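Novice: Here's the letter readout for the chains.
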Amino acid sequence: MNVRRIAAVATKEWKETVRDRLFLLMAFLLPAVWMAVFGYGLVLDVEHVPFAVLDRDQSSLSRDYLHRFMESRYFDYRGSVHDERDIDRLLGDTAIRMAMVVPDRFEERLLAGRPVTVQTLLDGTFPLHADTLKGYVIAVNRAFTQELLAGFLGRTRGLSPEEARRFAEPVSLETRYLYNQEVRSTWSMVPALIMFSLMVASPLLTALGVVREKETGSIYNIYSATVSKAEFLIGKLVPYFVISTINVVVLWSLAVWLFRVPFKGSFTVFFMASVLFVLCATGIGLIISLLVRTQMAALIITIIVAMVPTILFSGLLVPVSSLSPGAQVQAHLFPAMYYTDVVRGSFLKGLDLKAMWTDLAALAGFAVALRLVAYGLFTKRPKT
Amino acid sequence: MNGFCPELVWEERVNRNDGSSFEVVRLWALRLFVMTRKELLQLGRDVPLLLFLLYSFSLSVYISGAGIAMQLSNASLVVHDGDHSESSRELIHRFREPYFRFDGEVQNSKEGMARLDQGTAMVLLDIPPRFHESILGREPVAVQLQVDTTNAPQGLSAAAYAARIVGGFSSDLTQSRLGVATGDDMQMPVVNSAHRVWFNQDQDETWFQSISHILRMITLFGFLLPAAALVREKEHGTVEQLLVSPVTPLQIMLSKVLAMTLVILAATALAMVTVLKPVFGVPIKGSVSLFFLVTMLYSFTIAGLGLFAATVTKNQAQVGMLALLVISPMLLLSGITTPFEAMPPWVQSLMALSPLRYYIDVTYGVLLKGVGLELLWDSILTMALLGGVLFGLGLRRFRRQFE
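As given, the protein sequences belong to chains A and B, one line each in that order.
Sequential numbering of the first sequence, starting at 300, is according to the working numbering.
Sequential numbering of the second sequence, starting at 3, is according to the working numbering.
Errors might be hidden in some of the hints.
Derived list of chain B stretches under chain A, where covered just means 3 residues or more per stretch with a C-beta under 8 Å from a C-beta of chain A [unchecked claim]: (1) 44 to 58; (2) 136 to 143; (3) 190 to 198; (4) 281 to 290; (5) 308 to 322.
Stretches of chain B that chain A covers, calculated by requiring three or more beta carbons in the stretch to come under 8 Å of a beta carbon on chain A [unchecked claim]: (6) 151 to 160; (7) 227 to 235.
FYI, nobody ran anything at the bench for these hints, they're computed from the structure.
These numbers were taken from a predicted model, which means no experiment stands behind them.
Each residue gets a CB set at the ideal place from its N, CA and C atoms; glycine is no exception.
Please model the entire structure based on the sequences and the hints provided.
Specialist: Structure below.
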């Protein structure tokens, strides 16, 4: 190992990067732009769901009932229909996602103390959506029922409104939301977006590094030079490691100053984990670069390898504990999951090193293993 | 070269003939064909890339289809049962799979909080002492729920299910106190909901996830393959050689689009034949040929976008960065990962420019809902317009750069 030779390779790589202005600009711009666009734009709450109603009763009680849906921010009223066939058409065209059918004699039956059934037709193409909607409808129905029931008991049993209400709801649930009391999806998304931006942008920086030299033939200079395998690989990584580390600080600042996400943990631990994670991410790019022969293959494989598991298996959208066993294995084989734990733990939960050392150890393990694989794959004496 | 490509020999003969307009068209098509063949051959020789393409449209579709459930599933639940009575057990028993997974009891709330901190549990249910007594004594009683909302939507969903479960428990108690039988004769004013979920009755999430994975792959490959192929020619300087040959810029661009569209259609067919139908049993309700026709149109559109990106960049590193800049918002904001209606208005108007937005509607419309052109023509038309404009812009820039 010779530091001067590493510095020479790093300087060469750095100059190449800096001279490509567009590339350099995007290397810094991309993570910040994502953070801004997804931080503001990626809303996961199911709200403003377009729906239509078919009111067969047309009574004051049925209007009162439907009004609760129209006024809710979860639903977006798109009009009434008079025929069930219209519902078919609207659902098929995705003009609405839900339709409610109130049966006739709705008011009459309820006032007589008899149950009624309201039909809800849901678009099931997006199952999460349909499921959440069901939950909303049931919640509205329960609140409506409890009021009816309290009124009914008051009338038939002569209970006071307070007694009737207690009778109607003997057991209640008090929910406390931890770590994110107002349940803002920005607070849960933005820290995870730091992970996303680093994981998707960093491998691409290194992915073309070696394969570009292979394609243009300049790699033969390296083969014949005195620089050793390890020196070459380290030198290659240095510039991109520096860029990604600067991005860590930029992303952290955006999260704290722009999105006002509370940072409750220790910055040192967060920064340590980020450095390890950047080493992992750049390592993945480097390995792909060593495996393929053309830049086109390196580019496509890196983008897909970086992007798809990061969206699906990192805990960004779905908690890893909820994945199927097979997908959980895949999640554990990919460094992003551990870093997501650290980022959310540092920002929202305020955890210290003691609670997160396993994640850091896993990241360190990945960083080392990826280096070893790269070292094993690179050879200065290729078979033509 | 002529020995290598027999078509060219024939072409020279046609050239000398100075043929009719029919001959001109034939010649034009022939050149396009030769160029397309060249692209396919070049791609075919890139073994790692081909293997990866195969993986992306087969095994990878299976993994994401089978593995991802955005619906609340197996949320890890720990319970602090301060009562240990018949009623508390009955309530805990109602928190069950597939929504919750009972992950044990804790001795006190502090231990439960530690589990939430570590992330080994998502929900802590706290049942107070004297729970059973209160119920028997007809006093109102509250149970507490602590939810980890570091992942806000999942946390909310867990809270909603818990409210549903406790609400059900509560109204069952009311009913038994009123001493009435359940059923239609019940003398209680209750609004029940009957849900009918259309297009996917069992809410089988594998259908949604596997199809959306294919859409993701089509988008990524559809953009990157032609874009990288064009930039590579610029980087190596072979594009100048092409331009001094008899082929026109339109033919150069079109041949790349054609070759990559063919590859993508074949890959999509592979995914449908090997994974969607046999493994997940996705009911293909609409017309398969319409789906492939629209997929072809979409590949063309997205390739237009990719070629446009290729004309504004100089090398493959740049085009990669640009691809990430353009594609990741499309993938995350067009409505495959999250519901579109909930997006802020500015995202919705921005995404009106994303061809994927329309392709999603058409794909789910054809495959799951079984609707046809009569409802989907507007989406298809918008997509075609976007594709035409993008392709035209790319072609204009390409011509200006080299002529």
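Novice: Evaluate each hint against the coordinates.
Specialist: Verification of the hints:
Coverage of the segment 44 to 58 of chain B by chain A holds [criterion: at least 3 residues with CB-CB distance below 8 Å; count 5]. As drawn, the segment 136 to 143 of chain B meets chain A at 4 residues by the rule of a beta-carbon pair under 8 Å; at three or more, the given contact holds. Check on the segment 190 to 198 of chain B: 9 of its residues sit with their Cβ under 8 Å from a Cβ of chain A, so the three-residue criterion for coverage holds. Taking a C-beta to C-beta cut-off of 8 Å, the segment 281 to 290 of chain B contributes 0 residues in contact with chain A, too few for the three needed, and the coverage statement is violated.
With a cut-off of 8 Å between beta carbons, the segment 308 to 322 of chain B has 8 residues touching chain A; three or more are needed, and the interface restraint holds. Given as covered by chain A, the segment 151 to 160 of chain B passes the check, having 9 residues with a CB less than 8 Å from a CB of that chain where 3 are the minimum. Chain A is given as covering the segment 227 to 235 of chain B, and this holds because 4 residues of the stretch bring a CB closer than 8 Å to a CB of that chain, at least three being needed.
In this structure, the one hint that does not hold is number 4.
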